[in-house]
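Student: All chains should be built: construct the whole structure from the sequences, respecting the hints.
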Amino acid sequence: MDEKLADRLRRSPVIASVKSEDDLEYALASPCRVICLLFGEISTIGALTRRVTDAGKDAFVNLDMVDGLAPRASAVRFIRDQTSATGILTSKVPVCRAASDSGLVAILRFFMVDSFAYGQVVSQSASAKAHAVEILPGCIPRVITWMRDDLSLPIIAGGLVCNITDIMDALDAGAAAIATSSKELWSVAPSA
Numbered sequence: 029m030d031e032k033l034a035d036r037l038r039r040s041p042v043i044a045s046v047k048s049e050d051d052l053e054y055a056l057a058s059p060c061r062v063i064c065l066l067f068g069e070i071s072t073i074g075a076l077t078r079r080v081t082d083a084g085k086d087a088f089v090n091l092d093m094v095d096g097l098a099p100r101a102s103a104v105r106f107i108r109d110q111t112s113a114t115g116i117l118t119s120k121v122p123v124c125r126a127a128s129d130s131g132l133v134a135i136l137r138f139f140m141v142d143s144f145a146y147g148q149v150v151s152q153s154a155s156a157k158a159h160a161v162e163i164l165p166g167c168i169p170r171v172i173t174w175m176r177d178d179l180s181l182p183i184i185a186g187g188l189v190c191n192i193t194d195i196m197d198a199l200d201a202g203a204a205a206i207a208t209s210s211k212e213l214w215s216v217a218p219s220a
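Residues 29 to 220 (this note's numbering) are what the sequence shown spells out, left to right.
To be clear, the hints were calculated from the coordinates, so they are not data collected in a lab.
One or more of the hints may lead you astray.
Stated by the list, open to error - With beta-carbon atoms standing in for the labels, derived distance ranges:
id: 1; residue 1: A98; residue 2: D50; range: 24 to 30 Å
id: 2; residue 1: A34; residue 2: A145; range: 33 to 39 Å
id: 3; residue 1: A57; residue 2: K32; range: 21 to 27 Å
id: 4; residue 1: N191; residue 2: E69; range: 28 to 34 Å
Stated by the list, open to error - Keeping only pairs whose Cα atoms sit at most 20 Å apart, straight-line, the calculated PhoX-like set for lysine-lysine is:
id: 5; residue 1: K32; residue 2: K157
id: 6; residue 1: K157; residue 2: K211
id: 7; residue 1: K211; residue 2: K47
The C-beta atom is built at its ideal place from N, Cα and C for all residues, glycine as well.
Tutor: This is the structure:
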């Protein structure tokens, strides 16, 4: 992972996952140093990312959730050229690879629904040239521990992270960071 971002995650391991303008205002005022935008549209995503970076934070765009952009390499180039995003968050291997190839930090999301999904993480993250992986749901420390042993990339735990215990359990299991949309957790984020 990009060293600047890795350092930010070490100092502030909770990532604000924002779903609305109101959430974004709250996240900008929070101690979180990384903000994932889980909303927006083609006409607003540039301004949204600039608000994040103007606040001195890293902006990640979940390309799968931006209205008006299809999850393709051309959309990655649009994000790179028309926004101030640090990187892309996606569940699609070709999109992740395009982001990495274009100079953006690329985070590949995996939904851990069964052992088959688990088995895909190592090969797909390598094929995607991912800088980090996000494991969902994030409240499964056992899987994070297995993943830490099998993967050399930073692991972000996300989804169903509901309280400080979930955060600490995931970090103790080896996650580099936690992504949560629970605003109350953004302010109590543990930091080094």
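Student: Run every hint past the structure and note whether it holds.
Tutor: Okay, the hints, checked on the actual structure:
{"no.": "1", "hint": "A98 with D50: 24 to 30 Å", "verdict": "27 Å, holds"}
{"no.": "2", "hint": "A34 with A145: 33 to 39 Å", "verdict": "26 Å, violated"}
{"no.": "3", "hint": "A57 with K32: 21 to 27 Å", "verdict": "22 Å, holds"}
{"no.": "4", "hint": "N191 with E69: 28 to 34 Å", "verdict": "32 Å, holds"}
{"no.": "5", "hint": "K32 with K157", "verdict": "18 Å, holds"}
{"no.": "6", "hint": "K157 with K211", "verdict": "31 Å, violated"}
{"no.": "7", "hint": "K211 with K47", "verdict": "11 Å, holds"}
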